[in-house]
Amino acid sequence: MDSKNHNTTPKEDEKENPRRTFLKQTSLLTAIAMAPSALVKAAENHVDDKIADVFEKMPLKMEVNGQLQSLSVEPRATLLDILREQLDLTGSKKGCDYGQCGACTVHIDGQRVLSCLTLGVMVNGKKVTTIEGLAKGDQLHPMQEAFIKHDGFQCGYCTPGQIMSAVACVREGHADSEAEIREFMSGNICRCGAYPNIVKAIQDVKEGGLTV
Amino acid sequence: MKQFEYVKAGSTQGVINALAQPGTKIIAGGTNLVDLMKRGVTAPDKLVDITHLPLKDITATSGRLHIGTLALNSIVSENSLVQKKQPLLSMALKAGASPQLRNMATVGGNMMQRTRCGYFYDTTLPCNKRQPESGCGAKEGYNRMHAIFGTSEKCIAVHPSDMCVALAALDTTVIIAGKKGERKLAFTDFHKLPGDTPELDNHLAKDEIILGIEIPDNNFADHSYYLKIRDRQSYAFALVSVAVALDISNGVIRSARLAMGGVAHKPWRLYDAEKALAGKQPSVPLFEQIARGAMQGAKAYQHNEFKINLASNAVIQALKVASGLVPA
Ligand SMILES: Cc1cc2nc3c(=O)[nH]c(=O)nc-3n(C[C@H](O)[C@H](O)[C@H](O)COP(=O)(O)OP(=O)(O)OC[C@H]3O[C@@H](n4cnc5c(N)ncnc54)[C@H](O)[C@@H]3O)c2cc1C
Ligand code: FES
Ligand code: FES
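If you're matching them up, the sequences are chains A and B in order.
Per my numbering, the very first residue in the first sequence carries number 1; after that it's consecutive.
Per my numbering, the very first residue in the second sequence carries number 213; after that it's consecutive.
In isolation and in its complexed conformation, chain B is listed as follows (with noise of 0.2 Å):
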């Protein structure tokens, strides 16, 4: 690993102002820096430690629950509050990672996690996202892991969080503050797709740091669903995740929230397949309608066409635990 100044902020400010400087970059958990930095995927000349902020509060006020970014992941998916009110955050950030990097991991961190993808880590190979303009190794070689949706002539990869995949199917909003104060962003308008820029995971500026998230209260606790697969039971990356958020009442659905992860270069929701469900009876020919649907425009690639059929069975299999039609 290449040497680096670490400094310890004591302000928000303070981050701010040293994030003006190039090179510097943020630490918080480490979980995700140190392992791109051990492997000279990124070398930054300084690092500022926020872990010290007072940013870790986890409160419900006025219609939305707060939680700072360096609310650990662990925390938040143990925490009454998130439990009570956002139950499918809970079930996300419980099927992430290890119980120990979960001790570790921050909000804002997972957001900013980069891809898994193998030509990414490996110095070695082309990829656009590391070093643009060397081309995607993904795209003719080895690519079973990697996007269905919303891919781009240069990169192919999949954001790995499940975390954001709840994130984005609750209306999560975005706290960021930079040079020009506080902005707040909708969590679905925080990543992006690769397009011409996939060095570029998101919206985030180089000198803005995340403060938290907010999500709004709902209805949706007594209905919701976190489906993972993954190639083993555990501690490993979603091939395919489904997040499902219903509202029901007297049978009918009134509101549904869903998101896809693992599918895209950011969670995926399924803005249409939500409409299709308000208003309609749980059952199994409606979801597997829904699914059908959801899966149009899916791109696959030589060793991840598998993801397509996956992805569809995930969408049914998560709807049909989440409406209550079958146990989880």
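Pulled out of the complex, with its shape left as it was, chain A reads as follows (with noise of 0.2 Å):
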């Protein structure tokens, strides 16, 4: 191929890099090697055949907010609806649904995600936690004091999600200046333009050194 039209690499490369043309086991490659047969021959034949009569529904058993749930959900069933629709929690709202506001951010396995763009078939196994996972009985969590104490939010929509998100961005250890906060926050979008109230809450809260 011609490198100048195609933006490939150009031929001298390949001399200047042999180890591109060499085919090494890299340690990954070795550990799927590794892998007892009989446990890959019961993969291939799970993901080969007998699932033609679950096209419907499929169990799922999750953890949220502490609860264990045994569903039966359809697999194009995402996240997001299954929390709404089948188990209530409508506190994680649908901003846009195509992954593009943060408004349905929720912890899985401790990380923030979008419910949106989650399948629900692939939490199975999973803990998930939603902003109605955080308060203690009555107790509210530290960031959802800070978020009423700084004026967090006009609407309320995007707040949720907001503070799902901020309690991860603490967490994660992004939260150490303003233009830390506001780009571990950028995810989250709120049509209200709450930032500047958002962004003390958090500081709030990183500063008071609390557990969140």
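FYI, nobody ran anything at the bench for these hints, they're computed from the structure.
Warning: the hint list may mix true and false statements.
To be verified - The list that follows gives simulated cross-link-like pairs (lysine-lysine, DSS-like), each with its CA atoms no further than 27 Å apart:
no.	chain 1	residue 1	chain 2	residue 2
1	B	LYS532	A	LYS94
2	A	LYS126	B	LYS492
3	B	LYS532	B	LYS237
4	B	LYS418	A	LYS126
5	A	LYS57	A	LYS127
6	B	LYS391	B	LYS366
7	B	LYS268	B	LYS237
8	A	LYS61	B	LYS237
9	B	LYS237	B	LYS258
10	B	LYS214	A	LYS57
11	B	LYS250	A	LYS127
12	B	LYS418	A	LYS61
13	B	LYS258	A	LYS127
14	B	LYS250	A	LYS94
15	B	LYS296	B	LYS492
16	A	LYS61	B	LYS268
17	A	LYS57	B	LYS258
18	B	LYS296	A	LYS126
19	A	LYS61	B	LYS250
20	B	LYS492	B	LYS396
21	B	LYS237	A	LYS57
22	A	LYS136	A	LYS126
23	B	LYS220	A	LYS57
24	B	LYS214	A	LYS61
25	B	LYS237	A	LYS126
26	B	LYS268	B	LYS258
27	B	LYS220	B	LYS487
28	B	LYS220	A	LYS61
29	B	LYS532	B	LYS492
30	B	LYS418	B	LYS258
31	A	LYS127	B	LYS220
32	A	LYS126	B	LYS351
33	A	LYS61	A	LYS94
34	B	LYS220	B	LYS237
35	B	LYS404	A	LYS57
36	B	LYS366	A	LYS126
37	B	LYS268	A	LYS127
38	B	LYS258	B	LYS220
39	B	LYS214	A	LYS94
Could you use the hints to bring the two separately framed chains together as a complex?
Written out as structure tokens, the structure is:
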């Protein structure tokens, strides 16, 4: 191929880098090769057949806000729809449904993710925390308190996602400066523009040094 | 969204076998695939979930960094080996998407993400990439985000990834598995230009799986920079981006790597510019000359002419920062 026209690797580069042309088992490939053959066989069968009958619904077991849930869901159901429609946990919001706004942010195994782009079946066996799971009984989570104290919202639609993201932002260690907070909260859009107060709330929690 | 069958892969071989059946697709983070399925841009009959396969490791061995396909974009960007050996990759990843998306997105999924061209996304409009031979809506339409290099009559879409721009600059190799075993491909030969087959973004066969990538060690760590220009400060795709990696010693550029994003159907390596930089001392006049050369052959459409100036200035600025002439 002509490197000028296709913007592909020029030939002489190949010579400079003979490593490209040799093929060696990498550590990760070795790991696969070492999987017990019975296991591999079982897995192949699992992939290849038997699933036709569950085309419609599949079992889903997950822990939501500390409670084990055993559900039956369509493979196409997103975690957001399952939370809202099957479990009546309507705190997580559907702002855009396409990963663009952050209103549906929840934690899976402690990490913030977008529930609108997560297939429910892929959460099987995992722990989900939603905004409903943050408070301890009547005692609000420090981040919830801080959002109230600093007026971190107007209409409130983006707020559950903002708070879930804010908690993760502090836990991840990405709340050390206003600039860092803004960058690491950029996945949560607020149509009312409550950003300055959201940043203040997060700074307050971070500086307070409370466990979040 | 159309109904589909969901299976959990137990092995790489199982995935390859499953992919032999038409209408089957891999799902990893799901951040691009689920989006496209909701919009009806793609409608697989069966999804193979690969997220339980042991392909997450990041390890340094014998002169290279291996990153498994399932290493999350967030994990890779924060990984200490990556930050130490390949800071350019970390910078590019952090410039992409949002923290929530990076917590889901994988290396292979990022490489395989489709274009964000509005005509590709809107199933009521023509798009040769989505529906071969239906025409390109962007060419005569709203093409502000579109390519200025390597376009064809059939397609002027850009590849949207930030990560891939850094990987193209860093001489990365892609490790792929298929029916016939494993093969390796230079990252710069992974994605393709649209040509007559814009429906194909890259050279991965339908029944192949990306296992991971390898980045050779280099001397670029102290002089690497990823500059991304977008419509808002964060959480937006690049209008133009530039990845620069320089090996500078005693005030002379020994070796250089440059690639641009947001300008072509694949990460756009600037091979001639790299050659022209080698052996020279960093200076603004040199960088201006490099940028002029880099824009040769650029072709704008009705709404994206601004990209030529923008890309040129971005190249100069990224080189200035990477070489230490100005702070980031
Ligand atoms: C709102 C929004 C903003 C974004 N902004 C940016 C941005 O600024 N910069 C940027 O770079 N990206 C951005 N992204 C895109 C994001 O980076 C990608 O969606 C993500 O990297 C895809 O990875 P995934 O694991 O979720 O892939 P999936 O959605 O699971 O898969 C995507 C494709 O890859 C294929 N695939 C996955 N793994 C493999 C494998 N191992 N082998 C073969 N095929 C495979 C799948 O079959 C599918 O076709 C944005 C996305 C959204 C939704
Ligand atoms: S609803 Fe999920 S990101 Fe908007
Ligand atoms: S408070 Fe209204 S959208 Fe944020």
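Evaluation of the provided hints:
Taken as a hint, the LYS532 of chain B and LYS94 of chain A pair is broken in the structure, with Cα atoms around 43 Å apart against an allowance of 27 Å. Between LYS126 of chain A and LYS492 of chain B, the direct Cα distance comes to roughly 55 Å. Violation of the 27 Å bound is thereby established for this hinted pair. A C-alpha spacing of about 43 Å is found between LYS532 of chain B and LYS237 of chain B, which places the hinted pair above 27 Å, so the restraint is violated. For the given pair, LYS418 of chain B sits about 31 Å from LYS126 of chain A by alpha-carbon distance, which is inconsistent with the 27 Å threshold.
Restraint check for LYS57 of chain A and LYS127 of chain A: the C-alpha separation of about 21 Å stays at or below 27 Å, so the hint holds. In summary, the hint linking LYS391 of chain B to LYS366 of chain B is not supported, as the alpha carbons are separated by about 31 Å, beyond the 27 Å threshold. For the hint linking LYS268 of chain B to LYS237 of chain B, the alpha-carbon distance of about 20 Å falls within 27 Å, and the restraint holds. Simply put, LYS61 of chain A and LYS237 of chain B have alpha-carbon atoms about 24 Å apart, close enough for the 27 Å limit, and the pair holds.
The hinted pair formed by LYS237 of chain B and LYS258 of chain B meets the criterion: a straight-line CA distance of about 6 Å does not exceed 27 Å. Using a Cα cut-off of 27 Å, the hinted pair LYS214 of chain B and LYS57 of chain A holds, with the two alpha carbons roughly 14 Å apart. Using a Cα cut-off of 27 Å, the hinted pair LYS250 of chain B and LYS127 of chain A holds, with the two alpha carbons roughly 25 Å apart. Taking the CA atoms of LYS418 of chain B and LYS61 of chain A, the gap is about 32 Å. The hint is violated against a cut of 27 Å.
Restraint check: the Cα-Cα separation between LYS258 of chain B and LYS127 of chain A comes to about 26 Å, which is no more than 27 Å; the hinted pair holds. With a C-alpha separation of about 14 Å, the suggested pair LYS250 of chain B and LYS94 of chain A falls inside the 27 Å cut-off, and the hint holds. Proximity of LYS296 of chain B to LYS492 of chain B is assessed by CA-CA distance (about 26 Å); at most 27 Å being required, the pair is judged to hold. The suggested pairing of LYS61 of chain A with LYS268 of chain B holds, with an alpha-carbon distance near 24 Å, which does not exceed 27 Å.
Restraint check for LYS57 of chain A and LYS258 of chain B: the C-alpha separation of about 14 Å stays at or below 27 Å, so the hint holds. This hinted pair does not check out: LYS296 of chain B and LYS126 of chain A have alpha carbons roughly 32 Å apart, beyond 27 Å. Restraint check: the Cα-Cα separation between LYS61 of chain A and LYS250 of chain B comes to about 24 Å, which is no more than 27 Å; the hinted pair holds. A threshold of 27 Å between alpha carbons decides the hint, and for LYS492 of chain B with LYS396 of chain B the separation of about 33 Å lies outside it, so the pair is violated.
Taking the CA atoms of LYS237 of chain B and LYS57 of chain A, the gap is near 19 Å; set against the 27 Å cutoff, the hint holds. Between LYS136 of chain A and LYS126 of chain A the alpha-carbon distance is near 21 Å, which keeps this suggested pair within the 27 Å criterion. Taking the CA atoms of LYS220 of chain B and LYS57 of chain A, the gap is about 15 Å. The hint holds against a cut of 27 Å. Restraint check for LYS214 of chain B and LYS61 of chain A: satisfied, since their Cα atoms lie roughly 23 Å apart, inside the 27 Å limit.
Of the supplied pair hints, the one linking LYS237 of chain B and LYS126 of chain A holds, its CA atoms being roughly 23 Å apart against a limit of 27 Å. Under the criterion of a C-alpha separation no larger than 27 Å, the hint pairing LYS268 of chain B with LYS258 of chain B is consistent with the structure, at around 23 Å. Under the criterion of a C-alpha separation no larger than 27 Å, the hint pairing LYS220 of chain B with LYS487 of chain B is inconsistent with the structure, at around 47 Å. Only pairs whose Cα atoms come within 27 Å are accepted, and LYS220 of chain B paired with LYS61 of chain A is accepted, the gap being roughly 15 Å.
This hinted pair checks out: LYS532 of chain B and LYS492 of chain B have alpha carbons roughly 14 Å apart, not beyond 27 Å. Our distance criterion of 27 Å between C-alpha atoms is met by LYS418 of chain B and LYS258 of chain B, whose separation comes to about 14 Å. Distance check on the hinted pair: LYS127 of chain A and LYS220 of chain B sit about 19 Å apart at the alpha-carbon level, within 27 Å; holds. For the suggested pair LYS126 of chain A and LYS351 of chain B, the alpha carbons sit about 46 Å apart, so the restraint of at most 27 Å is broken.
Restraint check for LYS61 of chain A and LYS94 of chain A: the C-alpha separation of about 23 Å stays at or below 27 Å, so the hint holds. For the suggested pair LYS220 of chain B and LYS237 of chain B, the alpha carbons sit about 12 Å apart, so the restraint of at most 27 Å is met. Pair hint LYS404 of chain B plus LYS57 of chain A does not hold up; C-alpha atoms about 39 Å apart against a cutoff of 27 Å. Using a Cα cut-off of 27 Å, the hinted pair LYS366 of chain B and LYS126 of chain A is violated, with the two alpha carbons roughly 45 Å apart.
Distance hint between LYS268 of chain B and LYS127 of chain A is fulfilled; the C-alpha atoms sit about 20 Å from each other, no more than 27 Å. Simply put, LYS258 of chain B and LYS220 of chain B have alpha-carbon atoms about 11 Å apart, close enough for the 27 Å limit, and the pair holds. Distance hint between LYS214 of chain B and LYS94 of chain A is fulfilled; the C-alpha atoms sit about 20 Å from each other, no more than 27 Å.
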